[in-house]
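Colleague: Single-letter residue listing:
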Amino acid sequence: MAAIDMKVKERPERRLTEMQEGKTPKIEVRDFDFYYSQNQVLHKVTLDVPEKEVTALIGPSGCGKSTFLRSLNRMNDTIAGTRVEGTVTIDGVEIYQPGVDVVALRRRVGMVFQKSNPFPKSVYENVAYGLRIGGIRDRSVLDEVVERSLQRAALWEEVRDRLNTSALSLSGGQQQRLCIARALAVDPEILLMDEPASALDPIATQKIEELIYQLKDNYTIVIVTHNMQQAARVSDRTAFFMLGKLVEVGDTNTMFMTPKEKLTEDYITGRFG
Amino acid sequence: MTAPVMYEPLVPRVGGHRNRRVVDGVWIGLLGISILIILAILVLILGNIFWHGAGTVSWAFLTEPPRDGLTAGGIFPAIVGTAALVILMSIAAVPLGVATAVYLHEYTPHEGPKLAWERFKVSEGRRGRIKLLLRFLSAALATVARSAVANLAGVPSIVFGLFGLGFFIQFVGGGMDRMFYPDGQVVWNQGSLLWAALTLALLTLPTVIVATEEALRTVPPDQREASLALGATQWETIRRVVLPASLPGIFTGGILGVSRGAGEVAPILFTGAAYYLPYLPQKVSDQFMHLGYHVYILSTQSPDVDATMPLLYGTVFVLLVLTFLLNLAGVLLRSRTRSRLR
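Quick note, the sequences are listed as chains W and R, same order.
Read left to right, the first sequence gives residues 196 to 468 (the working numbering).
Read left to right, the second sequence gives residues 5 to 346 (the working numbering).
Worth flagging that the hints you see were computed from the coordinates, not collected in a lab.
Built from N, CA and C at the ideal position, the CB exists for glycine as well.
Mixed in with the good hints, there may be bad ones.
Unchecked claim - Far from chain W, some chain R residues (derived; all Cβ distances over 10 Å):
{"hint": "1", "residue": "15"}
{"hint": "2", "residue": "26"}
{"hint": "3", "residue": "92"}
{"hint": "4", "residue": "99"}
{"hint": "5", "residue": "108"}
{"hint": "6", "residue": "120"}
{"hint": "7", "residue": "137"}
{"hint": "8", "residue": "148"}
{"hint": "9", "residue": "234"}
{"hint": "10", "residue": "269"}
{"hint": "11", "residue": "279"}
{"hint": "12", "residue": "280"}
{"hint": "13", "residue": "291"}
{"hint": "14", "residue": "333"}
{"hint": "15", "residue": "338"}
{"hint": "16", "residue": "340"}
Claimed, not checked - What the simulated footprint calls covered on chain R by chain W, stretch by stretch (three residues with Cβ under 8 Å from a Cβ of chain W suffice, anywhere in the stretch; the number is not a length):
{"hint": "17", "segment": "222 to 229"}
{"hint": "18", "segment": "235 to 242"}
Said to hold, decoys possible - Which residues of chain W face chain R? A partial, calculated answer using Cβ under 10 Å:
{"hint": "19", "residue": "300"}
{"hint": "20", "residue": "438"}
{"hint": "21", "residue": "457"}
Please put together the full structure from these sequences, using the hints given.
Modeller: Here it is, written out as structure tokens:
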């Protein structure tokens with residue numbers, strides 16, 4: 196462990212210059228530390244997430260990539276005894292500064308979880324949930340947004356005739372797309388996905404991947420995945436985490452063909468992890 | 005093809021197999037007998053009451069007041085009094101109990117005061133320290149509240165009755181009479197439906213709180229996360245996701261608590277149950293007749309034991325049926341919820 200740790204070199208200056216020309220970063224993370232109580236799980240992570248691209252976070256289990264993802268919409272606030280240092284800036288606003296409206300933040304930064312978690316309500320009410328808590332009661336508005344969200348999540352054709360049946364009667368893949376539709380309904384700008392296809396069969400996984408590919412035209416997507424091929428297929432940029440540190444980040448193709456770090460190469464080629 | 009290898013047993017087979025089988029049988033038999041004893045007792049009690057009681061119950065018995073010094077007539081006022089008492093008690097106990105459970109389970113830390121204190125001790129930074137100190141205090145409060153609830157559940161019901169007399173009737177009722185009726189009229193400073201219902205509500209509260217917390221615990225954390233991630237506040241999450249999902253469990257707990265309260269006599273002895281009333285209660289400050297108390301009266305205060313016996317059996321029968329119906333409703337609700345959540 197210690198030997199690997201030593202090899203992770205701090206090179207923030209290079210990471211900063213690695214941003215592609217002409218793309219403004221949607222999310223800028225600088226020297227971000229994260230602690231569970233006294234246990235530091237993220238060390239000085241510095242990363243830019245470009246707008247309307249897919250950024251994949253890869254790395255072995257327990258490397259902190261999910262914690263990092265959940266830091267971007269402050270979902271970790273719900274866990275007791277957590278603490279952060281450093282900054283996360285979205286559209287120029289530091290989201291960890293005092294006075295930030297976390298509820299408003301989460302409406303802009305949607306999230307899809309590893310295990311699909313539809314509410315035990317109808318398909319329609321699941322998608323309408325975010326609007327209803329936003330105070331929208333107008334049935335025609337709700338109808339329209341529900342339909343459009345389901346269409347964007349490539350689920351409309353499959354459920355248009357059973358909007359009022361329980362969401363729990365859908366298949367696993369459909370449930371996960373329903374969760375994506377539910378997240379899209381509140382019109383976020385950023386979509387965080389925590390291994391969204393890890394519990395799905397290959398066909399359902401393929402559908403989710405195609406969906407991600409379409410969604411990046413309109414949304415900035417950050418996706419955590421254990422599946423190297425998936426990262427290669429869906430993402431524009433890839434960030435490799437290990438032991439709470441960001442080892443390497445860059446253009447996905449470049450990174451998979453010619454990784455700069457030995458660690459990245461070892462991981463990608465399956466020598467560990 | 006190689007011949008199969010035959011292994012010698014590692015431990016030489018010793019005798020005693022038959023012996024062990026016998027011991028096994030004896031134990032299973034003993035366990036079975038305890039079940040039989042329980043069933044026998046239940047059948048004896050219920051059978052006895054059904055045998056003697058069912059014959060007495062008629063439309064007239066259910067709809068007429070007692071007559072001739074409780075040796076004839078029906079139990080209508082007692083049924084009405086019990087129903088009114090149970091309804092009033094539920095109105096008082098269920099909202100308060102549910103609110104307490106929601107606060108305890110949703111708004112106080114889950115880690116317990118000890119761990120919260122450890123975290124506070126090692127924390128850094130002024131803002132973080134204040135947050136963790138408040139968290140510790142909240143965890144401590146929750147622990148105190150939970151043990152208070154547990155202790156409340158262990159208090160004998162007659163003590164609740166005495167408390168109701170001392171607190172509700174003497175203190176609250178007496179105070180209200182002094183304030184609203186300076187001419188010395190006694191309205192609230194005596195036993196009544198209201199005070200009896202509130203006393204019973206105290207008795208029922210622990211059941212409701214524990215059942216509600218249990219129901220809240222069954223709501224998966226990922227449901228809460230899904231709601232929070234959509235930009236819901238904690239209260240919106242509780243109201244729209246957590247409470248709907250746990251509502252049937254809360255109902256079940258409420259009904260079981262209420263059905264227990266419906267049969268309790270001790271708490272209402274001093275707080276409003278009447279020996280005999282020629283009229284039905286009209287307002288919450290009226291006294292009332294009660295099925296359980298009526299059973300006690302019939303069995304101890306009757307001038308003619310032989311004439312009262314069938315009435316007594318009939319009253320017990322009605323009380324049991326009502327309690328069973330409430331329990332049955334609770335069980336049905338629970339099983340329906342379980343199948344729905346699956």
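Colleague: Does each hint fit the structure? Answer for all of them.
Modeller: Structure-based check of all given hints:
1. Its beta-carbon lying about 43 Å from the closest one in chain W, residue 15(R) satisfies the requirement of being farther than 10 Å from that chain.
2. At roughly 51 Å, the least C-beta separation between residue 26(R) and chain W is larger than 10 Å, which holds for a residue marked as non-interface.
3. The claim that residue 92(R) lies off the interface holds: its Cβ sits roughly 33 Å from the closest Cβ of chain W, which is beyond the 10 Å cut-off.
4. Non-interface call for residue 99(R) relative to chain W: holds, since the shortest CB-CB distance, roughly 23 Å, exceeds 10 Å.
5. With a least CB separation of 16 Å from chain W, residue 108(R) remains clear of the 10 Å interface cut-off, as annotated.
6. Distance check for residue 120(R) against chain W: the nearest CB is about 8 Å away, which does not clear 10 Å, and the non-interface claim fails.
7. Every CB of chain W lies more than 10 Å from the CB of residue 137(R), the least distance being 13 Å, so the non-interface label holds.
8. Against chain W, the non-interface label of residue 148(R) holds: every CB pair exceeds 10 Å, the least being about 19 Å.
9. Once the 10 Å rule is applied to beta carbons, residue 234(R) is inconsistent with being away from chain W; the minimum gap is 4 Å.
10. For residue 269(R), the requirement that its beta carbon stay farther than 10 Å from each beta carbon of chain W is met, with the minimum near 41 Å.
11. With a cut of 10 Å on Cβ distances, residue 279(R) stays outside the contact zone with chain W, its closest approach being about 51 Å.
12. Residue-level check passed: residue 280(R) sits 51 Å from the nearest beta carbon of chain W, beyond 10 Å.
13. Taking the minimum C-beta to C-beta distance to chain W, about 46 Å, the non-interface status of residue 291(R) holds against the 10 Å cut.
14. Taking the minimum C-beta to C-beta distance to chain W, about 22 Å, the non-interface status of residue 333(R) holds against the 10 Å cut.
15. The claim that residue 338(R) lies off the interface holds: its Cβ sits roughly 16 Å from the closest Cβ of chain W, which is beyond the 10 Å cut-off.
16. The non-interface label for residue 340(R) is consistent with chain W: the shortest C-beta to C-beta separation is roughly 13 Å, beyond 10 Å.
17. Under a criterion of three residues with beta carbons nearer than 8 Å to beta carbons of chain W, the stated coverage of the segment 222 to 229 of chain R is upheld, 5 such residues being counted.
18. Coverage of a stretch by a chain is defined here by at least three residues with a beta carbon nearer than 8 Å to that chain's beta carbons; for the segment 235 to 242 of chain R and chain W the count is 4, and the condition holds.
19. Interface hint status for residue 300(W): upheld, as the beta-carbon distance to the closest one in chain R is roughly 8 Å, under 10 Å.
20. With 10 Å as the threshold, the beta carbon of residue 438(W) stays out of range of chain R, its nearest partner Cβ sitting at about 23 Å, so the hint is violated.
21. With its C-beta approaching chain R no nearer than about 36 Å, residue 457(W) sits outside the 10 Å limit, and its interface hint is violated.
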